[in-house]
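Novice: Sequence:
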Amino acid sequence: MTPAGAFEEYDVAAEPDIRMNSSLRAEINLRCPSDGRAYRELAECWFTRAVAAFAGPLGEGFHHDLDLTEPALSTDGDAPLGAPGTLWADFVYYRARRGRARLVQTHWSPGNWQRFREELENRPADAQLELSLLGADGRPDEPWLAVSVKRENQAPDVVSLVAIRTTEEFQDPATVEEAQRRWESSFRSFVERYDPVWYANIADDSKHTTGRTALEDGLGLLLEDTLPELGSTLRGYAWVTVCSPGVTAALGGVPALRASGAFAEVAALPGGGAWLKATDRVLAYTDSRVRAVFRALAPALPPGKPTPSLTWETPRLAFQDPDDLTDAT
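Residue numbers (my numbering): 10 to 338.
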C-alpha cells in the first residue's frame with residue numbers, strides 16, 4: 010500500500026503539460042492588524058508592490074500620476090471609456106460612514122488614489138484596485154489584474170492579500186517562462202516579509218468570485234469555516250502552497266516534507282512555516298503531481314471527499330478523502 014506522502018512512479022515525458030485556467034490567483038493570509046495605521050501600511054505596500062509584480066505587460070503606461078477623470082466623466086452607462094486596447098484602472102471599496110458601509114467604485118486619478126489610501130485606515134472589508142485593457146466596445150475587458158485586501162466578518166483576526174490575473178502570458182510559449190519567474194520570485198519575497206504566514210498559495214483553480222479555494226468549494230466549506238483553523242488545517246493545496254508553522258509541525262516539519270518526494274522545492278520560512286513548490290514549471294503541475302501533493306499534505310487537510318463543480322475550469326484536486334489515506338497508514 011502506498012504510504013501517505015509518497016507518489017506513484019510516472020514518466021514526465023509521457024505526461025503533457027496542463028493548460029492553464031483563465032485566471033491565476035496569489036493569496037496570503039495573515040494576522041489582521043487591529044490598528045488602522047498599521048492596516049493602511051500593510052495594504053498600501055501590497056497594492057503598490059503587487060501591481061508592479063503581477064501586471065506584466067498590462068502595467069505598461071500605468072503610473073501614479075495617471076488621471077482617467079476626463080473619460081470617466083465624459084461618458085455614462087455603457088458608453089466607451091476610451092479607445093480599444095488602452096489602459097483602464099479603477100477602485101472598488103467600502104467607505105464607512107456613521108456605522109454604515111457604502112460601496113464606492115471610481116476611476117484612477119491621483120486624488121482618488123489618495124482618498125482610497127485614507128479609507129484604508131478604516132479597515133474596509135474589501136478594497137480592490139483593478140487594471141484592464143479596454144475591449145472593442147471601449148469597456149474594461151481582458152486582460153485584467155485585480156489586487157485586493159479583504160477581511161471576513163466571521164474571521165476578524167485574518168486579513169487576505171489577493172492578486173488575480175488573467176493567464177494569457179502563461180498560455181503563450183514565448184512569455185510563460187518570464188511570467189512564471191516574475192510571479193514566483195515576487196510571491197516568495199512577499200511571503201518572506203511576514204512572520205508568520207498562516208496560509209498562502211498560487212493557484213489557477215480558485216473561485217475568485219467567492220474567495221474560496223478549489224478544495225473549500227469542493228467540500229462546501231465557507232471561509233468562516235476554514236480561516237479560524239489556519240493554525241492547524243490547510244485551506245487547500247496548489248502549485249505553490251505555504252503552510253503555517255502549526256501545519257508544518259503537524260506534517261513532520263521541513264525534513265519530512267522534503268522526504269515525501271512530493272515537491273520540487275521545500276524551504277523553511279521565518280517563524281516556522283514552509284514554502285512548498287510542487288513542480289519546477291507551473292505547466293508541469295499535472296494530475297499525478299496533484300495526487301502526490303495531496304498525499305503529502307493529507308494529515309493537515311479538512312476531511313471529506315470533494316464534489317466536482319459544474320464549471321469548465323479544471324480543478325487541481327485529488328477527489329479523495331484524506332482520512333482514507335491517514336487511516337491506512
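Watch out, some of these pointers could steer you wrong.
[What the hints assert, rightly or not] Only pairs whose alpha carbons sit at most 30 Å apart, straight line, appear in this in silico DSS-like list of lysine-lysine: (1) K314 <-> K216; (2) K216 <-> K159; (3) K159 <-> K314.
No lab work stands behind these hints, which were simulated from the structure alone.
Fair warning: this is a prediction, and the values are worked out from it, not measured in the lab.
Novice: None of the hints should be skipped; say for each whether it holds.
Specialist: Checked hints:
Pair hint K314 plus K216 holds up; C-alpha atoms about 18 Å apart against a cutoff of 30 Å. For the hint pairing K216 with K159, the CA-to-CA distance comes to about 15 Å; that is within 30 Å, so the pair holds. In summary, the hint linking K159 to K314 is supported, as the alpha carbons are separated by about 28 Å, within the 30 Å threshold.
In terms of the numbered hints stated before, the structure departs from none.
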